[in-house]
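For reference, the chains in residue letters:
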Amino acid sequence: MGFPLLSLIIFTPAAGAAVLMFLRSDDAVRWTALVVTVLDLVFSIVLLAGFDTTTHEMQFTETVPWVPALGITYALGVDGISALFVFLTALLSWISVLASWVAIERKLKAFMASLLAMQALMLGVFSSLDLFLFYVFWEAMLIPMYLIIGVWGGEGRVYAAFKFFLYTLAGSLLFLVGVIALYFHGGETFDILALTAQDLPFGVQSWLFFAFLIAFAVKVPMVPVHTWLPDAHVQAPTAGSIILAGVLLKMGAYGFLRFSLPMLPEASVYFSPLMLALSALAIVYGGLLALAQDDLKKLVAYSSISHMGFVTMGIFALNIRGLEGGILQMFNHGVTTGALFLFVGLIYERTHTRSIADYGGLMKVAPVYTVFLALFTLSSMALPGTNSFVGELLVLSGGFAANLAVGAAAVLGATLGAAYLLGMYRRVALGPPSVGARFKIRDVNAREMVAILPLAVFVLWVGLYPKPFLDIIDASVTHLLTQVHGRENGQ
Amino acid sequence: MEPVISIRPLLAVAIAGLAALSVLLLNKREKLRDHVSPLAAIAMFAIVASMAPTVLAGGTVELRLFEILPGIDFAFRVDALGMVFATVSSLLWIVAAVYSIGYMRHLHEHAQTRFFACFATSLAAAVGGAFAANLFTLVIFYEVLSLVTYPLVYHHEDEEGWKGSRKYLVYLMGASKSVLLAALALTYAIAGSLDFVPGGLLAGANASAALLTVVYFCYLFGFAKAAVMPMHAWLPAAMVAPTPVSALLHAVAVVKMGVFCVLRVVFHVFGAGLVGGLGLGIATAYLVSFTILMASVYALTRDDLKARLAYSTVSQLSYVVLGAVLLSPVAMVGGIIHIAAHAFSKITLFFCAGSIYCASGKRNISDMAGIGRRLPWTMGAFFVASLSMIGVPPTAGFVSKWYLTLGSVQAGEIAFLIVLLASSVLNAAYFLPVSYVAFFGAEAQESPAAVREIPLVTIPLVATAILSVLMGVFPGYFLALAEGVVR
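Protein chains in written order, with the working numbering: chain A, 1 to 491; chain B, 1001 to 1487.
Any given hint could turn out to be false.
When the alpha-carbon atoms are kept at most 25 Å apart in a straight line, the in silico SDA-like pairs for lysine to any residue are as follows [claimed, not checked]:
#1 1163(B) with 5(A)
#2 364(A) with 1017(B)
#3 1163(B) with 481(A)
#4 364(A) with 1208(B)
Far from chain A, some chain B residues (derived; all Cβ distances over 12 Å) [claimed, not checked]:
#5 1165
#6 1184
#7 1440
#8 1486
No lab work stands behind these hints: they were computed from the structure.
Glycine included, every Cβ here is placed at the ideal spot set by N, Cα and C.
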C-alpha cells in the first residue's frame, strides 16, 4: 500500500471543516475554505496524473480492517469511472466556495463547514470499495445537504429540505435492505469487488435490481420520483444547487454503474428495455416541464431531469458508445449545469428575482455575463463543438443501436432542449433592455470570473478534444461491459 | 495522388476569426476597424486560391487536428467540392466587405462593430465548413454559422427584426437539433465513422433500406439551410436584416452552406450508387421540383423586392439539389457550378436592392418606376444579373442551366427538363418586369432629385455583375472543379 492519496483527498476537506470551527472572522473562514478546496483540487489532479488508463483494476487502493467480525473494512480505491467523479467533485466544490463568497450572509462559518463536510462525504462515496463504508458515506451526505437547503435556502426551504430528505431516505432504506440481502447472498462480505465476482441467481438479482433501482432512481432523479428536485433546487442556495446538480445527481447513475450493472448483470440486461423506456420518458417529460417554466432556476432544474435521462439511457443501452457517452454526459452535466446554476445565482444576487419575464436585454448591461451565459446555454443544448454534443452523439448512437424508438424519443428531447434553452436565452439576454431600467446590474467581477473560467474551459476542451476524458474511463467501461455481457453469454 | 498536408485550411478559417477579433478590439476606432474586413477577405481569398492548383490537379490538401471519438476527427480536407464553395465565399467576401462599409456608413446603422465581427465570423464558419473532412467538423461550422448570423438578422432590433430572427433560428436550430442530430447519430451507429468518403461512407453499410431512407431524408431536411420546402420559410423571414446580410445569407455563406451539405451527403456520405439504388434520387428530384416551381410562383406575387429575391433563392437552391440527385454526371456538374453561378448573380441582385434602398428608401417594386434613369449602374447590373438568373447566354446562369437541362436529358428524365424550362419562364416573368418598370416606367412626381448612386455601394455591385458575365464566358475553373467531384 503506497501513499494514502485517496484518504488525503477525503480528509482534507473534513479537516478543513474542523479548522473552520476555530476561526473568528468571516474573511478567515472564506479564505480557509477556499485554500482547503483548492488544495483538494490539486490532490485530485495529482490522482488523475498518476492514474494508469490502461487497466480497469482499482488503483490507489487502501485497506484497513475496521470491523473484522462482520467483514467490514475501510477500503478505498478508484477505477476510471470513479476517478473522473472524484475530480468533478473537487472541481465543483471549489467553485461552490467562490459562489458562496458573499451570497451567504449569515452563519457563514457553519455553511462553509457543511459544504466541506459534504465534499468529504461525496468523495468518500466515489472512492469506497466496501459496501458498508459506501453506505455510511451515502447516508451521511444527507445531513449536510439537508442543512444547506434547510438553513440557508429560500423562503420555502423547510418544506423543500424535508421533501428532499424524505425522498432520499425512502430510497436509501430500500438500498439498505438491498445491501443486507447482498451481504448474505454474496458470501457475507462487504467487499464490493468480491460481491461483483459473485454469480447470483436471477431471482435474487431481480429483487435486488428493483431495490437498487428505487434508491438510485430517486437520486438521479428519474421520472416519476423526481418531484423533490425542483423544490430542492429552487430553495437551495447557489452552492447547494451546484453541488446538488453537479455531483449529487451523479450518485444515482454511479450506483447503477458500480452495483446494478456489474453485480446484477442478467437482471440489468433483462430489465434494460424498462430502463430505456423510463429514460426516454424522463428526457421528454423533463423537457416539456422545462419548456413551461418562467422561473429560471426551475427551468435549469427540470432540464437536469431531461439530461440525466440521457445518462441513464446511455448506461442501459449496454453498449460501449452508450456507456461512455452516459458517463461523459455525467461529467458534462456536472460542468454545464453547475455553471448554469452559478449564473442563475449571479443574476439573482443582483436582481432578487428569478422570473424570466423580469429580465430582458441583459446583453446591453452585462455583456460579459451574457456571453458566458450563451456558452453554457449552448453547451446545455449540446451544440456541436461543446462538451455535451460529444456525449449526446455517443449516447444517441448507442441508444439507436439498442432501440430505434428510444433513440427517436431522445432526439425529441434534444429538440425540446434547444427550444427551452434558446427561448430562455433570448428572453433573458436579448430584446429591449428593460432590466437596466429596473435593476442596478453590474457585470461579473474578478472573483466571479475565476469561478466561471475553468468551467468554460471544460466546455470547450471536452467539446473539441474529449480523448483524455474518454481515455480515463475507457478501460473500466470495456471491463464493465464484459462483466455485463460476459456472464450473460456464459450461461 | 498523395494528399498535401498543410496548415492553409486552418489558416483560412483563422484569418476570418482573427478579423472578427480585431473588429471587436477596434470598436472605438471606426476608420481602422473598417479596414479589417476587406483586408482579411483578400488574405483569405489568397489562401484559398493558393490551394486551387493542387485541387485542380486532382489532389487534396489535408490537415488532421485531433481525434474526437474513434472514427471521428476534427479535420480539414480541401477537395474539389469544398473548393467550389470556398472560392465563391472568399471571393464574394471581398466585394461584400466593401459594400457593407458603404451601406452601413450611408445609413448610419447602429452596432456596426457587432455587425462586422459577426460577418467575419460567419465567413470563418463558411470556409471551415467547405474544408471540413467529415460530418462532425462540418456540423460544428454549420452551427456556428447559424449562431453568428442570428445577431445579423435581428440587427435592427425592432419588432419585425425579433420576429424574423426568431423564425430564422427556430427553423435552423429546430431542424439541426432534431432530424439532423438523429441522422448523425444513426450514421455513426451504422458506419462507426462520420468521414466523407468518395463513393459514399454508407455504401455497402449493413443497414436496412428503410433505415437508410429515413437517414437520408433526415439529412435533406435537417440541413434546413438548403431551404427545400417545407424548410424554406426562414429565408423570406430573414429578409428583415440589412441588405449586406441578405447578400451574406443568399450568396456568400448561409444557403450555400445548406446545399453544399446536401451535396456532401449525396456524394460522400451516401454516394451516388446508394442514392440511386434506394430510388431516392428520383424521389428527391420530384420534391425539389415542387420547390422550384412553387417558390417561383410565390416570387411572382411579391411586390417587396427583397421578398421576391428571397423566394427566387429558394427556387434556385433546389436547382443545385436537383442536379445532384439526377445522378447523371452532366447534371451533377450543372448542380455544382450552379452554386457559383447563383451566388454571383444573386449577390448582385441583393446589392442592387440595397443600393436602391440607400439611394431612395424604396423597397417595393411598384414604387421603383423610372428609378433606372437615376441609378443607371445599379439597374444595369440588376438587368445583367436577372439575365443570369433566367439563364440567358453569355451569363453564368446559362452555363449551369445548360448542364442541368443536358443532364436531365442524359438521365432520361424529361419531366425535369420541363420543370427547368417552366422555371426559366417564371424567372423571366418575375425578374424582367423589375427592369422594365425601372427603365421605362413613368417616374412619380415627388421623387426627390437627390436619388443618385453611392460609389462604395455601386462599385461592388458592378463588380459582381461583371463576375456573372465572366463566369459565363470563362466557366473553365468551376467546370474543372465540378468534373473533379463527379469523376
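Outcome of the hint check:
{"no.": "1", "hint": "1163(B) with 5(A)", "result": "violated, 57 Å"}
{"no.": "2", "hint": "364(A) with 1017(B)", "result": "holds, 23 Å"}
{"no.": "3", "hint": "1163(B) with 481(A)", "result": "violated, 50 Å"}
{"no.": "4", "hint": "364(A) with 1208(B)", "result": "violated, 52 Å"}
{"no.": "5", "hint": "1165", "result": "violated, 9 Å"}
{"no.": "6", "hint": "1184", "result": "violated, 6 Å"}
{"no.": "7", "hint": "1440", "result": "holds, 45 Å"}
{"no.": "8", "hint": "1486", "result": "holds, 29 Å"}
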